[in-house]
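Assemble the complex: chain B is given as a structure, and chain G must be docked to it using the hints.
Protein chains: 2
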Amino acid sequence: MKQSLAFIPTLRDMPKDAEINSHKILLKGGYVKQHVAGVYTYLPLAYRVIKKIEDIIREELDKIGCSELLMPALQAKEAWVESGRWANYGKELMRLTDRHDREFCLGPTHEEVITTVVRDSATSYKKLPLALYQIQSKFRDEFRPRFGLMRGREFIMKDLYTFHTNEADLDEWYLKVRQAYINILDRLNLHYGIVSACSGQIGGNSSEEFMVLCDIGEDTIAYSTTGKYAANLELCGLEEGATAPDGGTIKYAKGIEVGHIFKLGTKYSEPMGLSFVDVDSSKKPVIMGCYGMGISRLLMAVLEQNNNDLKVLWPTEIAPFKIHVIALDKPGTTNFEIAEDLQNKLEQKYEVLFDDRAESAGVKFNDADLIGIRYRVIVGRRAAEGIVEVKDVKENTTEEVSIADLTNYHFE
Amino acid sequence: MKQSLAFIPTLRDMPKDAEINSHKILLKGGYVKQHVAGVYTYLPLAYRVIKKIEDIIREELDKIGCSELLMPALQAKEAWVESGRWANYGKELMRLTDRHDREFCLGPTHEEVITTVVRDSATSYKKLPLALYQIQSKFRDEFRPRFGLMRGREFIMKDLYTFHTNEADLDEWYLKVRQAYINILDRLNLHYGIVSACSGQIGGNSSEEFMVLCDIGEDTIAYSTTGKYAANLELCGLEEGATAPDGGTIKYAKGIEVGHIFKLGTKYSEPMGLSFVDVDSSKKPVIMGCYGMGISRLLMAVLEQNNNDLKVLWPTEIAPFKIHVIALDKPGTTNFEIAEDLQNKLEQKYEVLFDDRAESAGVKFNDADLIGIRYRVIVGRRAAEGIVEVKDVKENTTEEVSIADLTNYHFE
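Heads up: the sequence lines are chains B and G, in that order.
Per this note's numbering, residue 1 is the first one in the first sequence, and the count goes up by one each step.
Per this note's numbering, residue 1001 is the first one in the second sequence, and the count goes up by one each step.
With the rest of the complex left out, here is chain B (with noise of 0.2 Å):
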């Protein structure tokens, strides 16, 4: 794609109301763009990544056999008057009136929703168990959005709830989404610790978090330094260099939350009645278990994780193009025609960004290492030789290459 048609507005000066580094790449980088506080336009930059972090939790919960759907952001109070949280949800639910003046409220979280949706259908043993998900801009009126895309008024988050007969069928199930979790994480390459809301035991609590580590955030996080071990420091008290219970030492860091998954039991299937026909003919409530991942904040870890004085190196799987090929000469010269003749073959195998603006080397530079894409390809001076340079931001190497080769050079 030609970068002048990409529309990815990077800014000369810092901007001045970010305090953290992945914010201020964000805006300097031209991935975001604030609306009003808390509220963003995602950038073709962002969006591309982000597409692409929600394609890997597509497929690690489709591997486990959870099914994607899409319910809606309006909700009618009624479903939250039955579950009770119409009441006691307080100023963060969005709320509004149409034009019928009936009440709603725009979805911050869709247990009612989806207990409204299975309820009529999984009337027996035999329709479950159920694991259904979404992926969805989702509303909450925080009273002081900061953070940039971290504690946001509207955010896009992935959603999964489960349906069982009974809790050794929920326990089996959460089991297998905490490791389907653990997959994710590790594809976006993010260094994380996963915390028990009582303890750092893993696997049969009623709830867990899965937090990045990194000194921001609004969490500290006592981990130890075998990766093995996390818990929060106000429920585990352990010092920082004393020794973790797994054998490692203990360090501090002020966690982000990218993702929380609870058993939630009877606690929406009770009062809203959500019941199925069991072996034996009784009727029982369903047992539920939920399970949220924020991806517009999963965008900010990785970029806290994944820069170095503001340089940007995406993790493989989500850059947003495989290769950066450069055009150092303008528009409308022969070596400019060679560059665009680079990204069109390029194009054939690889996602191509075509720096094609009439810019100096200067800035086209220092807009790719906000862009963050591990391969450049810079066709300079010797490109009338057959002769380009090719970049490799991960290994901070630079060689020479013929373009005839360079079709099946080796792009990890």
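FYI, nobody ran anything at the bench for these hints, they're computed from the structure.
Predicted model only: the values in this text are computed from it and were never measured.
Some hints could be false.
[Said to hold, decoys possible] Derived pair list, reagent style DSSO-like, types lysine-lysine, alpha-carbon separation capped at 30 Å: (1) B:Lys2 with G:Lys1063; (2) G:Lys1063 with G:Lys1176; (3) B:Lys127 with G:Lys1345; (4) B:Lys52 with G:Lys1176; (5) B:Lys391 with G:Lys1345.
Just chain G now, kept in the frame of chain B:
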């Protein structure tokens, strides 16, 4: 994927409140579930088709140089005051107030937001043209929502906005997008007409509608049997059976509007201050185009044209699955295991839905008719001999095929 986990809650009885075939199929086939009037959950089967429609749209728009982003649903009143639409839009605009008493609306369309997104960046003729689109849930508080997804209050749309330095460039892009729309609708196997607001002529107009030709919908279209002429009945006044301007014969249909393309000119850029510095250093308002396509409507339009007495046959590119493996025997039997084995083998090459439910053959075939997959592999009484039946719904043929040959069978 196993049908027991796919959550396709088909209904035994015909839903009472559905008037048109596509709406009946959506409800009876377990494609959607109504939350409240005009607000639906897209269940997994419908959402698989929708994602495929979306990918076709992305492919065709990316091919002509458009770039995808995602704007917020929450839109601040201020932008709508700038454009003058806050006062004029009326009751169809859903409005709400945040916890700080700031006013917002839920986007029915995004001219205001996109104008604010590009106006800080597209400041020079060097930065234009631009073509930016999104695929997103939109909101419109219809007085009387009806026909299922046809006229909903929350619905999925693709909206594209283009930005130009002069009218000639807008004209060029308008024709490129128009051709992309033709490609999209052709790939969806739709029979449609392109109707100008003023005449039936092609191109060069300020606004055209893409109308799928069926005897439902809200407008009557006069179209030529050649497929090359279509016009709004009210405007052209041609009688059914008359000779069309292109030599064909005029027929009537009540059309479904699935796309609308506009030359906006400076309608938004002038009041909202979106301007650029031209080659001659003069400041001018940016010239805009806008292009909508209703994705949830497309789903209904395709269903309306691809069913025979409520039996569905999805067009190849957007079919929810390629092959429907149907086990006639119950879980636990040898034949069932053979079917399961077949699912695993075929899934290495194709998208497969495996009916693994403990239901009767009659229920399974009725459901298969609603699910609409072209190829059915029926694992029945001859399975133990290594023989299954392959039914091609499109060609209406059935043949016995040996399991050994099946992975090399020509599924188109």
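In ascending order, which of the hints set out earlier in this document are inconsistent with the structure? 5
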